[in-house]
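> Protein chains in written order, with our numbering: chain Z, 1 to 242; chain G, 1001 to 1244.
Possibly wrong hints are sitting among the right ones.
[Unchecked claim] Derived contacts from chain Z toward chain G, CB cut-off under 10 Å, selection only:
#, residue
1, Tyr76
2, Arg77
3, Arg78
4, Val83
5, Ser86
6, Leu89
7, Pro91
8, His92
9, Pro102
10, His107
11, Ser110
12, Ala147
13, Arg150
14, Leu177
Honestly, the hints are just simulated from the structure, not real lab data. All C-beta atoms in this analysis are idealised placements derived from N, C-alpha and C, irrespective of residue type, glycine included.
Chain by chain, the residues:
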Amino acid sequence: MRLIIKDLTQKFGTTRVLDKLSIETGTVNSLVLVGPSGGGKSTLLRILAGLDIPTSGTVTFDKTVLQRDEANLRLYRRTVGTVFQSYNLFPHLSARENLILPLVHVHGFSRDDAMARVEEPLRRFQLSEHADKRPAELSGGQNQRIAILRAMVVKPNRLFLDEPTSALDPEMTAEVLDMIEGLKDSGTDFVLVTHAMNFARRVADEVAFIGDGTVLSHGPAKTVFEDSKNSRVASFFEQVLR
Amino acid sequence: MSRSFAHIIVATAVTCLLVLACFQVPGDWNWSGVWEYRQKFIFGWLVTLGLSLASLVLSVVIGLVVAIFLGARNPLIEATGRIYVEIIRGTPLLVQLLLGFYVIANAVGIENRFVVGTLVLAAFSGAYMAEIFRGGLNAIPKTQRDSARAIGLTQWQSFRLVILPQAVRLVLPAVAGQLVSLIKDSSLLSVIAISEFTLNAREVNSFTYSTLESYLPLAIGYLMLTLPLSATARWLEASFSYER
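This is chain Z alone, in the form it adopts within the complex:
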């Protein structure tokens, strides 16, 4: 994917969460957004995922410009997948029903076809035996892996992952990160917001450091992590990588 953002501004009331943010990536599989909390990473990701409409500015993915009306954005959301920090599975449905719901109600599969389609991924990620449990009966890691599967089974053009491991224990973090690394190996494009810096370094084709509502540093992982020219970026990494 190739992402071009021009002068993206998002205001909530009088607060400017994003302030004329611009970025142009190369053709990459993965873009990782890092930076301090409240810097605008999640706000940016929600706009990229078509969940929020920015106050002004444009976003272009591979020559397709993101529209500003709900009807077109809904069509766009059907072509991408989004994974949230707190999984956001539907608590009244089993894991399997959570996976089937978008296939049946959004993508026009019959129930049987949808069932057949989720079988293999459930097996591959060792979730088959948990498929008929509801989210409350599953661990955080299992829930997040189901959430990633829910985004994946519709074969999206790309995934958006908003701090997918921030709500998890260290052990569970590992199983979710493994799964995301698998995405990378299978060539799935994704934009990831994370605080797991070592992981970011490993999977990112490019890293963008977002702070104060704008891009403070951007480039290949190595360049950004060792960006000592920008004092704001340098002090952040000094803090988190200590």
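Here the structure of chain Z is known, so what remains is to put chain G in place on it, guided by the hints.
Just chain G, lined up with the frame of chain Z:
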């Protein structure tokens, strides 16, 4: 001990105590006098059953629509819902029935008192129902809507497949309580001369001068309506239940 067995034991004990207390009442019982009028009880009970069922269904529909009004972004729609709820909840059902029948129904030309009674009762209960539904819908976290939008559901699909099934479970106990109230409130329909259950019992009392013999069957008759309703609600609650 199973739960339903415990229910039976306690219900039997309470009944026995009541029967014992009845034996302490001075004077003779006059069941035969009341028995003569058994047709009136049956007729009244059936009228109450019919009225209650009709307004029960209608009040759920009204409640849902008004709940959606209350949550609307358009301020005029929201205000319409809010004013409806406040007027209905803030005034006595008695006055609503009289106004509904002698003023509003008269103005729009509805003459059937059963229709008017059902409508007014449903409108009354619907206002309470709307607040219950609104509370239930608001209790579903915003992240669920986000998630529904993220997978590409339309607003209506998100409501039907994600929000409503979760809200139903939350509101069931309160809705069941409201419906039980509705059944008992239907006794007020006698003020617009509908010959429902309570009115018939009152008439039997005035014919026979046997107060307790007239009103005890009334209590049992209402329980025969409300207990199955509560049982159904509990069964629904169990079948909708899941850990959150």
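> Each hint needs a verdict: does it hold in this structure or not?
How the hints compare with the structure:
1. Tyr76: holds (9 Å)
2. Arg77: Status holds, d = 5 Å.
3. Arg78: Arg78 (chain Z) check passes; min Cβ-Cβ to chain G is 4 Å, inside 10 Å.
4. Val83: This interface hint holds because 9 Å falls under the 10 Å limit.
5. Ser86: Status holds, d = 6 Å.
6. Leu89: Nearest chain G Cβ about 7 Å off; hint holds.
7. Pro91: Holds - the Cβ of Pro91 (chain Z) comes within 10 Å of chain G, reaching about 5 Å at its closest.
8. His92: Nearest chain G Cβ about 5 Å off; hint holds.
9. Pro102: Holds: closest Cβ of chain G sits about 4 Å from Pro102 (chain Z), inside 10 Å.
10. His107: holds (8 Å)
11. Ser110: violated (17 Å)
12. Ala147: holds (9 Å)
13. Arg150: holds (7 Å)
14. Leu177: At about 21 Å, which exceeds the 10 Å cut-off, the nearest Cβ of chain G leaves the hint on Leu177 (chain Z) violated.
The structure does not agree with the numbered hints 11 and 14 stated previously, though it agrees with the rest.
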